[in-house]
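Visitor: Just need the whole structure built from these sequences, with the hints factored in.
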Amino acid sequence: MKRETLLLGSLLIAFSANSHAASLRCAKGLASTGDRSVEVLSKCGEPISKAVVGYVVSERQNIEVPQEEWVYTPEGGMQYFLLIESGVLTRIDSKRGG
Numbered sequence: 005m006k007r008e009t010l011l012l013g014s015l016l017i018a019f020s021a022n023s024h025a026a027s028l029r030c031a032k033g034l035a036s037t038g039d040r041s042v043e044v045l046s047k048c049g050e051p052i053s054k055a056v057v058g059y060v061v062s063e064r065q066n067i068e069v070p071q072e073e074w075v076y077t078p079e080g081g082m083q084y085f086l087l088i089e090s091g092v093l094t095r096i097d098s099k100r101g102g
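Taking the working numbering, the leading residue of the sequence shown gets 5, the next gets one more, and so forth.
Since the hints were derived computationally from the structure, they do not count as laboratory data.
Bear in mind the structure is a predicted one, so any value in this text is a computation, not a measurement.
The beta-carbon is built from N, C-alpha and C at its ideal position, and this holds for glycine as well.
Accuracy of the hints is not assured; some may be wrong.
[Stated by the list, open to error] Listed below are the simulated DSS-like cross-link pairs for lysine-lysine, each with C-alpha atoms no more than 27 Å apart in a straight line: (1) K32 / K54; (2) K99 / K47; (3) K99 / K32; (4) K99 / K54; (5) K32 / K47.
[To be verified] Pairwise CB distance ranges (calculated): (6) E68 / A31: 26 to 36 Å; (7) Q83 / V56: 11 to 21 Å; (8) K32 / N66: 30 to 40 Å; (9) G58 / Q83: 31 to 41 Å; (10) E68 / R29: 30 to 40 Å; (11) K54 / L34: 14 to 24 Å; (12) R100 / N66: 34 to 44 Å; (13) S46 / S90: 14 to 24 Å.
Guide: Structure representation (structure tokens):
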């Protein structure tokens, strides 16, 4: 029983670690979490919209920096929502367009 519990716990940790590593296939490459915003722009071009959605405190500079949401809708019916914090892509969410 303990072995099964350890195995299940290990699998949950592995899946949760992978859920944070997201990417978006663009015309000029793959944009992934951790990329700088200039890299995302060079790979994917300008998003269809950009909006400031909040502010976070920068760990390095101890100042508030904006969180931006960039929206892309490549062909195929999906919408991608990219969260940019301090000039770095931190999250990619997607949903079926409609």
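Visitor: Decide, hint by hint, whether the structure agrees.
Guide: To see whether the hints hold, each was checked on the structure:
Proposed proximity of K32 and K54 is supported: the alpha carbons are some 20 Å apart, at most 27 Å. Distance check on the hinted pair: K99 and K47 sit about 21 Å apart at the alpha-carbon level, within 27 Å; holds. Taking the CA atoms of K99 and K32, the gap is near 22 Å; set against the 27 Å cutoff, the hint holds. For the suggested pair K99 and K54, the alpha carbons sit about 17 Å apart, so the restraint of at most 27 Å is met.
Proximity of K32 to K47 is assessed by CA-CA distance (about 4 Å); at most 27 Å being required, the pair is judged to hold. For the pair E68 and A31, the supplied restraint of 26 to 36 Å holds, since their beta-carbon distance comes to about 34 Å. A hinted range of 11 to 21 Å for the beta carbons of Q83 and V56 is consistent with their spacing of about 19 Å. Distance hint check: the CB atoms of K32 and N66 are about 35 Å apart, consistent with the given range 30 to 40 Å.
Our hint of 31 to 41 Å for G58 and Q83 is violated, since their Cβ atoms are close to 20 Å apart. Separation of E68 from R29 is about 33 Å and conforms to the stated range, judged on CB atoms against 30 to 40 Å. A hinted range of 14 to 24 Å for the beta carbons of K54 and L34 is consistent with their spacing of about 21 Å. The hinted window of 34 to 44 Å between R100 and N66 holds, with their beta carbons roughly 40 Å apart.
Between S46 and S90 the C-beta distance comes to about 18 Å, which sits within the given range of 14 to 24 Å.
The structure shown violates just one earlier hint, number 9.
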